[in-house]
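Residues per chain are reported as follows:
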Amino acid sequence: MKYMLLICVDDTIKPTAAEPTIEQWLAEVEGKRLDGSVLRPVRDATTVRTRGDEVLLSDGPFAETREYIAGYDIVECADLDEAIQIAARHPCARFGAVEVRPFAED
Amino acid sequence: MPSDAEIAAVFRQESGRIVATLIRMTGDWDLAEECVQDAFARALERWPRDGVPHRPGAWLTTTARNLALDRLRRSAVEAAKLREAAELREFSERDGESGDSGISDDLLRLIFTCCHPALALEARVALTLRTVAGLSTAEIARAFLVPEPTMAKRLVRAKQKIRNAGIPYRVPPGHLLPERLGGVLGVLYLLFSEGYAATAGADLVRQGLCAEAIRLAGTLADLMPDEPEVRGLRALMLLHDARRAARLDDAGDLILLEDQDRGSWDADRVAEGTRLLDTALRRGRPGPYQVQAAIAACHATAASAGETDWAQIALLYGRLVMMIPSPVVELNRAVAVAMADGPAAGLALVEHLAGAGALASYHLLPATRAHLLRRLDRTDEAAAAYREALALAPTDVERRYLTRRLAETQGDERVRK
Numbered sequence: 001m002k003y004m005l006l007i008c009v010d011d012t013i014k015p016t017a018a019e020p021t022i023e024q025w026l027a028e029v030e031g032k033r034l035d036g037s038v039l040r041p042v043r044d045a046t047t048v049r050t051r052g053d054e055v056l057l058s059d060g061p062f063a064e065t066r067e068y069i070a071g072y073d074i075v076e077c078a079d080l081d082e083a084i085q086i087a088a089r090h091p092c093a094r095f096g097a098v099e100v101r102p103f104a105e106d
Numbered sequence: 107m108p109s110d111a112e113i114a115a116v117f118r119q120e121s122g123r124i125v126a127t128l129i130r131m132t133g134d135w136d137l138a139e140e141c142v143q144d145a146f147a148r149a150l151e152r153w154p155r156d157g158v159p160h161r162p163g164a165w166l167t168t169t170a171r172n173l174a175l176d177r178l179r180r181s182a183v184e185a186a187k188l189r190e191a192a193e194l195r196e197f198s199e200r201d202g203e204s205g206d207s208g209i210s211d212d213l214l215r216l217i218f219t220c221c222h223p224a225l226a227l228e229a230r231v232a233l234t235l236r237t238v239a240g241l242s243t244a245e246i247a248r249a250f251l252v253p254e255p256t257m258a259k260r261l262v263r264a265k266q267k268i269r270n271a272g273i274p275y276r277v278p279p280g281h282l283l284p285e286r287l288g289g290v291l292g293v294l295y296l297l298f299s300e301g302y303a304a305t306a307g308a309d310l311v312r313q314g315l316c317a318e319a320i321r322l323a324g325t326l327a328d329l330m331p332d333e334p335e336v337r338g339l340r341a342l343m344l345l346h347d348a349r350r351a352a353r354l355d356d357a358g359d360l361i362l363l364e365d366q367d368r369g370s371w372d373a374d375r376v377a378e379g380t381r382l383l384d385t386a387l388r389r390g391r392p393g394p395y396q397v398q399a400a401i402a403a404c405h406a407t408a409a410s411a412g413e414t415d416w417a418q419i420a421l422l423y424g425r426l427v428m429m430i431p432s433p434v435v436e437l438n439r440a441v442a443v444a445m446a447d448g449p450a451a452g453l454a455l456v457e458h459l460a461g462a463g464a465l466a467s468y469h470l471l472p473a474t475r476a477h478l479l480r481r482l483d484r485t486d487e488a489a490a491a492y493r494e495a496l497a498l499a500p501t502d503v504e505r506r507y508l509t510r511r512l513a514e515t516q517g518d519e520r521v522r523k
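Chain order of the listed sequences is A and B.
Start counting the first sequence at 1; every next residue gets the next number (our numbering).
Start counting the second sequence at 107; every next residue gets the next number (our numbering).
Quick caveat, the hints were computed from the structure, so don't treat them as lab data.
The reader is advised that the hints may include incorrect statements.
Claimed, not checked - As a list, the in silico DSS-like pairs of lysine-lysine whose alpha-carbon atoms are at most 25 Å apart: (1) LYS265/B with LYS2/A; (2) LYS32/A with LYS267/B; (3) LYS32/A with LYS2/A; (4) LYS2/A with LYS267/B.
My request is simple: use the sequences and hints to build the entire structure.
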């Protein structure tokens with residue numbers, strides 16, 4: 001099964017310097033991780049809504065929250081247990097949160 | 107010829123195992139449940155006429171499996187469905203050879219999947235009662251005091267998440283097992299506690315949760331004989347349950363352990379609980395449930411309140427604090443220390459807890475302080491602490507109890523004056 005790991009962080013919380021580093025994590029998930037990237041901060045985001053014929057733009061993320069999505073990873077796993085294990089080892093899980101979302105596939 | 111009630115009892119006993127096997131064969135929780143229900147309906151029709159089969163569980167499993175096969179074949183318009191049906195036939199043939207052990211594994215798979223930590227706690231509890239214990243949705247809704255459609259929705263969502271999120275149908279591998287087993291035991295203990303908290307006037311299904319939890323712990327203990335904490339939990343439940351009838355008076359008010367009529371405790375349950383605890387402890391791997399059961403056994407086997415071995419209980423709470431550091435356990439230890447070494451020693455521990463700011467909104471902290479202060483004849487402080495506890499007490503039963511104690515404390519003062 002394919003899972004999206006949404007990496008959520010909160011700028012008010014300082015990252016804890018601990019193992020594993022992101023490089024170690026990437027090495028661990030080699031072969032399971034299909035894609036992924038860090039995203040630019042939410043101040044560079046533009047939110048688009050189309051209402052009728054009108055395209056409405058707003059500066060910033062779709063929801064103003066303290067926690068925001070800082071990056072994502074797509075992993076291929078046997079089941080949720082494996083995805084949880086991979087997510088739990090992500091360095092950001094130590095100070096932020098990792099949301100594990102299964103792909104909707106047939 | 108068997109009565110409907112006898113057939114219902116067989117069903118209650120067997121349904122968890124059969125559903126578990128059908129889920130493994132079909133991978134479809136709803137199909138599994140429906141086919142087991144239909145197999146039971148068929149038993150109700152045939153058994154009164156033909157008699158109960160030699161192995162009723164095997165009869166029900168075969169019937170349910172054939173019903174599932176029929177359904178899959180009928181809906182097998184797509185190749186995928188046909189393949190499922192073929193796999194199912196293969197599965198059932200293999201099962202014929204493997205005998206009962208495979209079926210026990212299925213039940214364990216079902217229990218661990220229902221209690222998967224990725225499900226909300228309330229969903230784990232509901233799903234365990236529905237699929238493992240075979241309770242109806244209506245019964246579970248009544249037991250947890252929610253409308254039936256709410257409970258039905260909770261069950262549907264839980265099953266959807268298992269399917270959509272890819273929660274595996276298996277007993278977790280060794281490195282995950284200790285944590286996951288702890289989760290399963292937590293669900294069973296929560297079930298028990300819900301039933302134990304139910305008052306005499308409560309719905310019978312709600313009261314029946316205790317018996318259900320004890321039964322499930324027994325099943326789990328049979329399936330995992332090498333895990334002493336499972337037996338420890340079952341012992342703990344039995345020892346608490348033995349005192350159930352003695353806990354409340356006719357008006358529904360709390361009776362303290364020391365004032366309970368020990369003759370009304372269920373001696374058989376106490377004996378069964380202590381025997382079970384002994385077998386668990388012999389494994390030499392104590393855990394929090396075994397220690398709590400040992401504490402309950404100290405109470406349950408004391409001939410009178412005065413003969414309770416408080417020194418032993420204080421010692422056990424000391425071990426428990428190390429296993430599960432929690433201010434509630436610390437508070438219980440303080441009570442035991444007060445009984446063993448005198449109220450001043452207990453009060454020192456309580457003051458230390460209060461000073462650390464722990465349990466700020468927990469009524470039993472000021473209630474315990476009040477009780478100890480009263481024993482030390484510090485009446486004014488005791489009365490103030492009782493008032494503090496009253497303001498925090500969550501139920502009428504407890505408020506009535508504390509009000510009585512406060513009145514007595516104020517009476518002490520008048521006597522002295």
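Go through the numbered hints given earlier and state which of them the structure violates, listing their numbers in rising order.
none
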